[in-house]
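Let chain Y serve as the given structure and place chains C and V on it in line with the hints.
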Amino acid sequence: MAVLVLLSYEKGDKIRPISRSAITAAGLLGTEVHALLVGEGLDILSQKAAQLHGVSKLLVADHAAYAHMQAEPVADLVASLAGAYDSIVAPANAEGKDILPRLAGLLDVQPISDVVEIIDSETFVRPIYAGSILSTVKSKDAKKLLSVRGTTFEATAETGGNAAVEKVENLPISDKQLSVFKELKLSQSDRPELEGARVVVSGGRGMQSSENFVLLEKIADQLDAAIGASRAAVDAGFVSNDYQVGQTGKIVAPELYIAVAISGAIQHLAGMKDSKIIVAINKDPEAPIFKVSDYGIVGDLFEILPQLEAALKAR
Amino acid sequence: MSNITREQMEFDVLIIGGGPAGLSAAIRLKQLAPSVEICLIEKASEIGAHIVSGAVLELTALNELIPDWKQKGAPLDTPVNNERVFYLSSEEKSTTIPIIKSLMPAMNNHGNVIVSLGDFCRWLAAQAEELGIEIFPGFSGNELIIEDDKVVGIITGDMGLEKDGAQGANHEPGMELRAKYTMFAEGCRGSLSKKLMDKFNLRQGVDPQTYGLGIKELWEIPAHKHKPGYIQHSFGWPLDNSTYGGSWLYHFGDNLVSFGFVIGLDYKNPWLSPFEEMQRSKNHPVVKYHLEGGRRISYSARALSEGGLQSIPKLSFPGGVLIGDAAGFLNMPKIKGTHTAMKSGMLAAEAIAEALTTQEVEPISYQFRLRKSWLWKELYQARNIRPAFAKFGARIGTLYTGFDSMVRGKVPWTFHHRLADNEKLEAASACKKIEYAKPDDQLTFSRESSVFLANIDHRDDQPIHLKLKNPAIWKTVNWEVFHSPESRYCPAGVYEAVDTEEGKEPKLQINSQNCIHCKTCDIKDPTQNIDWETPEGGSGPNYPGGM
Amino acid sequence: MKLLVPVKRVVDSNIKPLVKSDNSGVEIGGVKMSMNPFDETAVEEAVRLKEQKIVSEVVVISIGEAKCQDTLRTAMAMGADRAILVTTEEPLESLGVAKILQHFVTKEQPDVVLMGKQASDDDMNATGQILAAKLGWAQGTFVSKLTLSAGKAEIIREIDDGQEVLELTLPAVITTDLRLNEPRYASLPNIMKARKKPIETVALADLGLDTAVRLVSQSVQESSSVREGVIVGSVEELMDKLQNEAKVI
Numbered sequence: 163m164a165v166l167v168l169l170s171y172e173k174g175d176k177i178r179p180i181s182r183s184a185i186t187a188a189g190l191l192g193t194e195v196h197a198l199l200v201g202e203g204l205d206i207l208s209q210k211a212a213q214l215h216g217v218s219k220l221l222v223a224d225h226a227a228y229a230h231m232q233a234e235p236v237a238d239l240v241a242s243l244a245g246a247y248d249s250i251v252a253p254a255n256a257e258g259k260d261i262l263p264r265l266a267g268l269l270d271v272q273p274i275s276d277v278v279e280i281i282d283s284e285t286f287v288r289p290i291y292a293g294s295i296l297s298t299v300k301s302k303d304a305k306k307l308l309s310v311r312g313t314t315f316e317a318t319a320e321t322g323g324n325a326a327v328e329k330v331e332n333l334p335i336s337d338k339q340l341s342v343f344k345e346l347k348l349s350q351s352d353r354p355e356l357e358g359a360r361v362v363v364s365g366g367r368g369m370q371s372s373e374n375f376v377l378l379e380k381i382a383d384q385l386d387a388a389i390g391a392s393r394a395a396v397d398a399g400f401v402s403n404d405y406q407v408g409q410t411g412k413i414v415a416p417e418l419y420i421a422v423a424i425s426g427a428i429q430h431l432a433g434m435k436d437s438k439i440i441v442a443i444n445k446d447p448e449a450p451i452f453k454v455s456d457y458g459i460v461g462d463l464f465e466i467l468p469q470l471e472a473a474l475k476a477r
Numbered sequence: 205m206s207n208i209t210r211e212q213m214e215f216d217v218l219i220i221g222g223g224p225a226g227l228s229a230a231i232r233l234k235q236l237a238p239s240v241e242i243c244l245i246e247k248a249s250e251i252g253a254h255i256v257s258g259a260v261l262e263l264t265a266l267n268e269l270i271p272d273w274k275q276k277g278a279p280l281d282t283p284v285n286n287e288r289v290f291y292l293s294s295e296e297k298s299t300t301i302p303i304i305k306s307l308m309p310a311m312n313n314h315g316n317v318i319v320s321l322g323d324f325c326r327w328l329a330a331q332a333e334e335l336g337i338e339i340f341p342g343f344s345g346n347e348l349i350i351e352d353d354k355v356v357g358i359i360t361g362d363m364g365l366e367k368d369g370a371q372g373a374n375h376e377p378g379m380e381l382r383a384k385y386t387m388f389a390e391g392c393r394g395s396l397s398k399k400l401m402d403k404f405n406l407r408q409g410v411d412p413q414t415y416g417l418g419i420k421e422l423w424e425i426p427a428h429k430h431k432p433g434y435i436q437h438s439f440g441w442p443l444d445n446s447t448y449g450g451s452w453l454y455h456f457g458d459n460l461v462s463f464g465f466v467i468g469l470d471y472k473n474p475w476l477s478p479f480e481e482m483q484r485s486k487n488h489p490v491v492k493y494h495l496e497g498g499r500r501i502s503y504s505a506r507a508l509s510e511g512g513l514q515s516i517p518k519l520s521f522p523g524g525v526l527i528g529d530a531a532g533f534l535n536m537p538k539i540k541g542t543h544t545a546m547k548s549g550m551l552a553a554e555a556i557a558e559a560l561t562t563q564e565v566e567p568i569s570y571q572f573r574l575r576k577s578w579l580w581k582e583l584y585q586a587r588n589i590r591p592a593f594a595k596f597g598a599r600i601g602t603l604y605t606g607f608d609s610m611v612r613g614k615v616p617w618t619f620h621h622r623l624a625d626n627e628k629l630e631a632a633s634a635c636k637k638i639e640y641a642k643p644d645d646q647l648t649f650s651r652e653s654s655v656f657l658a659n660i661d662h663r664d665d666q667p668i669h670l671k672l673k674n675p676a677i678w679k680t681v682n683w684e685v686f687h688s689p690e691s692r693y694c695p696a697g698v699y700e701a702v703d704t705e706e707g708k709e710p711k712l713q714i715n716s717q718n719c720i721h722c723k724t725c726d727i728k729d730p731t732q733n734i735d736w737e738t739p740e741g742g743s744g745p746n747y748p749g750g751m
Numbered sequence: 663m664k665l666l667v668p669v670k671r672v673v674d675s676n677i678k679p680l681v682k683s684d685n686s687g688v689e690i691g692g693v694k695m696s697m698n699p700f701d702e703t704a705v706e707e708a709v710r711l712k713e714q715k716i717v718s719e720v721v722v723i724s725i726g727e728a729k730c731q732d733t734l735r736t737a738m739a740m741g742a743d744r745a746i747l748v749t750t751e752e753p754l755e756s757l758g759v760a761k762i763l764q765h766f767v768t769k770e771q772p773d774v775v776l777m778g779k780q781a782s783d784d785d786m787n788a789t790g791q792i793l794a795a796k797l798g799w800a801q802g803t804f805v806s807k808l809t810l811s812a813g814k815a816e817i818i819r820e821i822d823d824g825q826e827v828l829e830l831t832l833p834a835v836i837t838t839d840l841r842l843n844e845p846r847y848a849s850l851p852n853i854m855k856a857r858k859k860p861i862e863t864v865a866l867a868d869l870g871l872d873t874a875v876r877l878v879s880q881s882v883q884e885s886s887s888v889r890e891g892v893i894v895g896s897v898e899e900l901m902d903k904l905q906n907e908a909k910v911i
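Protein chains in written order, with this note's numbering: chain Y, 163 to 477; chain C, 205 to 751; chain V, 663 to 911.
The hints are simulated quantities; they were obtained by calculation from the structure and are not laboratory data.
Please note that the accuracy of each hint is not assured.
[Claimed, not checked] Some chain V residues close to chain C (C-beta under 8 Å, calculated; not the full set):
1. Asp-674
2. Asn-676
3. Ile-677
4. Asp-684
5. Asn-685
6. Val-688
7. Gly-691
8. Val-693
9. Tyr-847
10. Ser-849
11. Met-854
12. Lys-858
13. Ile-893
14. Met-901
15. Lys-903
Glycine included, every Cβ here is placed at the ideal spot set by N, Cα and C.
Isolated chain Y, as found in the complex:
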């Protein structure tokens, strides 16, 4: 059983960790995992990709038409390679979710998005209803097309592999360019967007004032984290609505979520419970947030946060 993984990378020739999670997921589906690197000017990236642990073959499609990973040409490309694979896995990020379903349309397959668990080669678990429910589905398609979440599949090691590199020939480039790339606007803010951040540091009403959110910002600076807040903190006027994490706010699933002085109202939990690791800092040992956390510290945030900042700096 051969599985093809569509790699996703960012500027600066860095393969995204979620691609490495996709390789891990692919390893659960088949014995032979191939990776596909698409883009323009891929020399450095292909060297890196060939070392990814668990990949036996790396396909490289290097062409100007793929420079911006637009779904139309990339889906055409993957469709041209699909015949050799039982499953195709993409990361469940904006890129994967743009391309994979288009590919599914070309192949007449029902795609399976946001897979968080692979039960067997045709049975998958994926969240529905904004993550409040997990649905187990079985695919009757001969070829499985899935996008996988990074949080539940551990990223494979960046090195240790030695894939055979193969350049894809006969690229199916259409003369008709359906979409023209104009511009990439990288997030201006020094902080990542809440919904895409790898780390989120959130404060609740126990922060006591908007000034005290500076304490969170200092932690966030150390972790390149986004800042969030509970509804209680928003209602108390400490921060604006855009910061609100929860059922009526933003739903986040970072690798690390640090909840400071947040009691753990259900509305809040609905917005962050899919985070990979949750840390709670609260002075009330009975606070419900501890029940949904991986690690907790009971104590005064005004003592703990400066200590944490110092420890992060000293890393």
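Below, chains C and V without anything else, positioned relative to chain Y:
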């Protein structure tokens, strides 16, 4: 407000509120006068979404309104087939009270049906729409339009206002809905009904209204325990002898159990928390047995009028009428208000059908029709029961009930309600503090997790709809005398006293987005300083089917 | 220019979905249903483009049980011109829906299919892309800004590191991010008018399409939020756990 130009729409009759009273009124009116144009508005996002009731339905009014309800698919599938009443003497002990038909005719539920009142209202709404009645959920009646001392319609609430009242990008101004007659069916303590009572002195010469707060949970229980048609009521523990209230538990539908608790809002101890009384009442073996191993599906709360006949205001005024629990037609010994609400709506509809032909300004025949109806007779018989409890306490009150009911209310006296519920609270320092146990998350729950199950939709950045008339009073009265009773009586955790630590200035925080529209704050605030106004249309709980 | 806007009737997003006691699915009987909020954004955008006279007609389409006409009427109360209802009681998935939409695209010949990027119930995020592939059209997904002009659409897409600006050749399928706009409130007179508009109703069975599901639901369960909750005694201990046990920093 007045300088906004608003769109206008005209109808023959406007109905405010899509509960049993409003819907029955609409249907009856259309039956009598098919050409009459009727518009019904409802503040909930859909019909039934704000409906809270036990509910055991007595079929009298429905049989008159839609005799072929069975053929029309009314969701009335669970007739009562077994009922019990318990007096709970302690947390562990109970006594079964035999239901002797002659002694307790009100408690005899033979022939009644256990329903989801929300589903029943959805069905009534479908019947109404088939008759051509325009029903608009998601629109609140926000202001009265009074011209020449006559109600000529209402203004619906603005949509898309920001927290400070400024018009947001999507602002949609409320519109004038005008009609020859407006029927107010807002339910207990309606915000426009309250204004009408003031404007037209409708409460002159009647007793103050007295209220209860009903808190209800919907459970799904293991099939082997489920006995559709079984109902039980309890009184006694955990309430003390001077506090009126008790629980209900009904088995119906698909493994569903409706469990709820009503507490008279004339309670005196400001430390009392109706929510927590309800939660702990589930620990009694007679209740626990049913719920254990089940799961809680939904949560709701609503105030109800308990005053009965003595507290019913004048019901008509130029341009309109009050119907249903907005007027206070609940039959307290029966603990039923649906059939009475429906009947009052039907009688008012008959009066308006007549008024439309005679063109009289005030549909006064509503009051005469009422006096001649079974509804009046029923409420007359019941009139002394609730005040007897207030007068004598639960135990003697029960004995009195037995006596009064045996003679079907044919006693030469009528007990009165002397004080309004908000006047009954005693100073916190003079009352015993009540310690409530922490929830176990199996049988008993926190307010927070409960409110979550009410499926509230409340756009966060709209203006706060719960207003303190005089904000300074909170500190000097609510905090210093009563120790913030609103943070306990509110079943949704809307009110929170914050910064209560030593050396800080205590403040009232209003979490208006938690509001489930029960209206208790408007009733029980010691100085009636809290005004409950309608939030943006469609706000509030979304009670699911089965509730 | 003509727009086709598919709208899905889903459990209202304020409702906490309830898993059936036998785990066979999500309880939707008696639950408040609404228009998928992502589709609502698409309808709003379409109506705004019509108000700006860039678009001449907005056609909405919904697929499912007869009750979907409520959703279509909501869209018409917001300003859509006309509505098509494809009735079926059968379960559907993105692929089947895309095939049905393809049928109506061929019939209606819109310049743009504007639709929610995903439905708030199954969160699949696939129908628009599949449809674009089947039509051989350009696709613009997760769009937070849309500018239509003759034969072209300039879009801003929300992507992982920020935003991407693309120019699409029309016809195209465009899927909306919630950031695109804030949908309006339908006014009472408009709701009333929408109730009187006809809805073109077609039975799915009469279209002769193969829409049998390929992805079969086995079971559903509530996603648990309970975790171990190790209480650590100090910041040092926490740092150690995060670095060496959880490996997240």
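> Going by Cβ atoms only, is Asp-674 of chain V closer than 8 Å to chain C?
Replying inline: holds (6 Å)
>> Hint validation: Lys-903 of chain V versus chain C, beta carbon distance must be below 8 Å. Holds or violated?
In response: Not OK, violated: Lys-903 of chain V not within 8 Å of chain C, min 27 Å.
> With 8 Å as the cut and Cβ atoms as the points, is Asn-676 of chain V at the interface with chain C?
Replying inline: Cβ of Asn-676 of chain V sits 4 Å from chain C, so the hint holds.
>> Tell me if the interface restraint on Ile-893 of chain V is satisfied: Cβ within less than 8 Å of some Cβ in chain C.
In response: violated (19 Å)
> Quick one, is the Ser-849 of chain V hint okay against chain C at 8 Å, beta carbons?
Replying inline: Holds - the Cβ of Ser-849 of chain V comes within 8 Å of chain C, reaching about 6 Å at its closest.
> Taking the closest Cβ pair, is Tyr-847 of chain V under 8 Å from chain C?
Replying inline: holds (4 Å)
>> Less than 8 Å between beta-carbons is the criterion; does Met-854 of chain V satisfy it with respect to chain C?
In response: holds (6 Å)
> Is the interface hint for Val-688 of chain V satisfied, with its Cβ closer than 8 Å to some Cβ of chain C?
Replying inline: Interface hint status for Val-688 of chain V: violated (12 Å vs cutoff 8 Å).
>> Can you verify the interface hint for Ile-677 of chain V: is its Cβ closer than 8 Å to any Cβ in chain C?
In response: Because about 5 Å separates Ile-677 of chain V from the closest Cβ in chain C, which is inside the 8 Å limit, the hint holds.
> Would the hint on Met-901 of chain V stand, with a C-beta cut-off of 8 Å toward chain C?
Replying inline: Cβ of Met-901 of chain V sits 31 Å from chain C, so the hint is violated.
>> Does the closest beta carbon of chain C sit nearer than 8 Å to the beta carbon of Lys-858 of chain V?
In response: violated (11 Å)
>> Next item in the hint list is Asp-684 of chain V. Is there a CB on chain C closer than 8 Å to its CB?
In response: violated (11 Å)
The structure is inconsistent with the numbered hints 4, 5, 6, 12, 13, 14, 15, although it conforms to all the rest.
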